[in-house]
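Colleague: Protein sequence lines, in the order shown, are assigned to chains X and V. All residue numbers for the first sequence refer to numbering that gives the first Met the number 0, where the first residue is 0 and numbers rise by one. All residue numbers for the second sequence refer to numbering that gives the first Met the number 0, where the first residue is 0 and numbers rise by one.
No more than 30 angstroms apart at the CA atoms, straight line, and that leaves these computed lysine-lysine pairs for DSSO-like:
#, chain 1, residue 1, chain 2, residue 2
1, V, LYS62, X, LYS103
2, X, LYS103, V, LYS97
3, V, LYS36, X, LYS103
Across the chosen pairs, the derived CB separations fall in these ranges:
#, chain 1, residue 1, chain 2, residue 2, range
4, V, SER24, X, CYS33, 24 to 32 angstroms
5, V, LEU18, X, MET98, 24 to 32 angstroms
6, X, THR163, V, LYS157, 22 to 30 angstroms
7, X, CYS116, V, GLY22, 21 to 29 angstroms
8, X, ARG75, V, THR212, 43 to 51 angstroms
9, V, ILE10, X, VAL29, 33 to 41 angstroms
Quick caveat, the hints were computed from the structure, so don't treat them as lab data. Heads up, the beta-carbon is just placed ideally off N, CA and C, and yes, glycines get one too.
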Amino acid sequence: MSNKEPLFSAKNRKLLTDPLGKSNPITVQVLGICSALAVTVKLEPAFVMALSVIVVLAFANVIISLIRNSVPNRIRIIVQLVVIAALVIVVDQILKAFMYDVSKQLSVFVGLIITNCIIMGRLEAFALSNKPWPSFLDGIGNAAGYGLILIIVAFFRELFGSGTIWGFQVVPESWYIDNGGFYSNNGMMILPPMALITVAVIIWVQRSRNRDLIEENK
Amino acid sequence: MNTQGNTYTIIYASVMVILVAAGLSYAALTLKPFQDKNVQIEKKQNILSSVHLGLEAASQPNKQKYIETLYEQYITEAFVVDSKGNRVDGNAFAIDVKKENAKPIDQRTLPIFVCTMEDASKNYIIPVYGRGLWGPIWGYVALKSDFNTVVGVVFDHKSETPGLGAEINTLQFQEQFNDKQLFENENFVSVKVVKNQITSKNPHAVDAISGGTITSNGVDEMLHDCIIGYLEFFKTQKTLSHE
Numbered sequence: 000m001s002n003k004e005p006l007f008s009a010k011n012r013k014l015l016t017d018p019l020g021k022s023n024p025i026t027v028q029v030l031g032i033c034s035a036l037a038v039t040v041k042l043e044p045a046f047v048m049a050l051s052v053i054v055v056l057a058f059a060n061v062i063i064s065l066i067r068n069s070v071p072n073r074i075r076i077i078v079q080l081v082v083i084a085a086l087v088i089v090v091d092q093i094l095k096a097f098m099y100d101v102s103k104q105l106s107v108f109v110g111l112i113i114t115n116c117i118i119m120g121r122l123e124a125f126a127l128s129n130k131p132w133p134s135f136l137d138g139i140g141n142a143a144g145y146g147l148i149l150i151i152v153a154f155f156r157e158l159f160g161s162g163t164i165w166g167f168q169v170v171p172e173s174w175y176i177d178n179g180g181f182y183s184n185n186g187m188m189i190l191p192p193m194a195l196i197t198v199a200v201i202i203w204v205q206r207s208r209n210r211d212l213i214e215e216n217k
Numbered sequence: 000m001n002t003q004g005n006t007y008t009i010i011y012a013s014v015m016v017i018l019v020a021a022g023l024s025y026a027a028l029t030l031k032p033f034q035d036k037n038v039q040i041e042k043k044q045n046i047l048s049s050v051h052l053g054l055e056a057a058s059q060p061n062k063q064k065y066i067e068t069l070y071e072q073y074i075t076e077a078f079v080v081d082s083k084g085n086r087v088d089g090n091a092f093a094i095d096v097k098k099e100n101a102k103p104i105d106q107r108t109l110p111i112f113v114c115t116m117e118d119a120s121k122n123y124i125i126p127v128y129g130r131g132l133w134g135p136i137w138g139y140v141a142l143k144s145d146f147n148t149v150v151g152v153v154f155d156h157k158s159e160t161p162g163l164g165a166e167i168n169t170l171q172f173q174e175q176f177n178d179k180q181l182f183e184n185e186n187f188v189s190v191k192v193v194k195n196q197i198t199s200k201n202p203h204a205v206d207a208i209s210g211g212t213i214t215s216n217g218v219d220e221m222l223h224d225c226i227i228g229y230l231e232f233f234k235t236q237k238t239l240s241h242e
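Just chain X, with the same shape it has in the complex:
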């Protein structure tokens, strides 16, 4: 490309926005489901997890894209893993140092970002064959698409499971049966299966709004 492309050209903007909707890593590609179950009981850990994945994926994409021409093809997966693992460890250490309580809630799941298939998927599919800037946008976009679903799921699970949002009580105390009301938190929402069901409902809504996503019957 001799004539310089603007930083936010239509093509680059698509890299950011597509993963939020029609190529969403969770609801369309169904990747990274396992962590979506684990960290979505409350909004705050879901948010921190989303942020961590954005940081890791954006920088891993940039780093891999920068060294893409020098990586020996035979060990490229190992190189990708080393880059991801190093970034994840740094994120984990920073969380432990400055957001101790949240890092305790996320516990092993920060470490498990390493195995999040979204990340290796993007490195292999995009960063290895694209320049750093589009790779950076692609990383942000995909991680944000992942984070968006995480936050939506966490919002509903926390609201119905604990009656709170971001730790603040939103269901009036007087509604609860203990206080003579009629309402009780749905304990099911806190358990992992409800995360899958919530994700499934999101997929359902998304597919009924965007018919292109529905596979044709053969």
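Following the hints, complete the assembly by docking chain V onto the known chain X.
Modeller: Below, chain V without anything else, positioned relative to chain X:
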């Protein structure tokens, strides 16, 4: 340059690993002091919450400072005793309770934290450490100066099952221990964690967690095995206060 050859690949991998290792070590070393500080603050917070202090710390703008001020204010003394109840040298805060509990009772050095409340009454806080289902569990037990009545407890765990064994760190479980008693007619019975019994009238038992039997048993054993080391100390203190 041939980027697919063996030599290139090996050199590439080696250089990359060394660079990454150096970077990570640097990050770990720079962040270590902050992490250690967090662990210390958490320990202080646990000690305080066993006597029902500092429970509102999470909503404070500067949690670390808040906990430290409270700790300075209330924890007036911390010392170490041996299993005969004699004071020995040592830093109570730095003692590794896990290692001490692995030793036979007569070789243990046992830390005690003394908390002086507003009404000048003293509470004695002892750390406990045991095994849950998946990993270690630990906590602090605060006793009144009769060395019998429990003021409060706090428990935590490494990796118990959420919703089941992990419930030991909830207030509902811990509140049951308030005002329970360790001794029945001068005999040490500890506080048992039991199933299928009415515990509200029993001063030596609390309800176990449904579905968390192994963790509940772990708490039960932990309390018994850790407190038993302090019995001589309790005895000497009780005779002192009678004289």
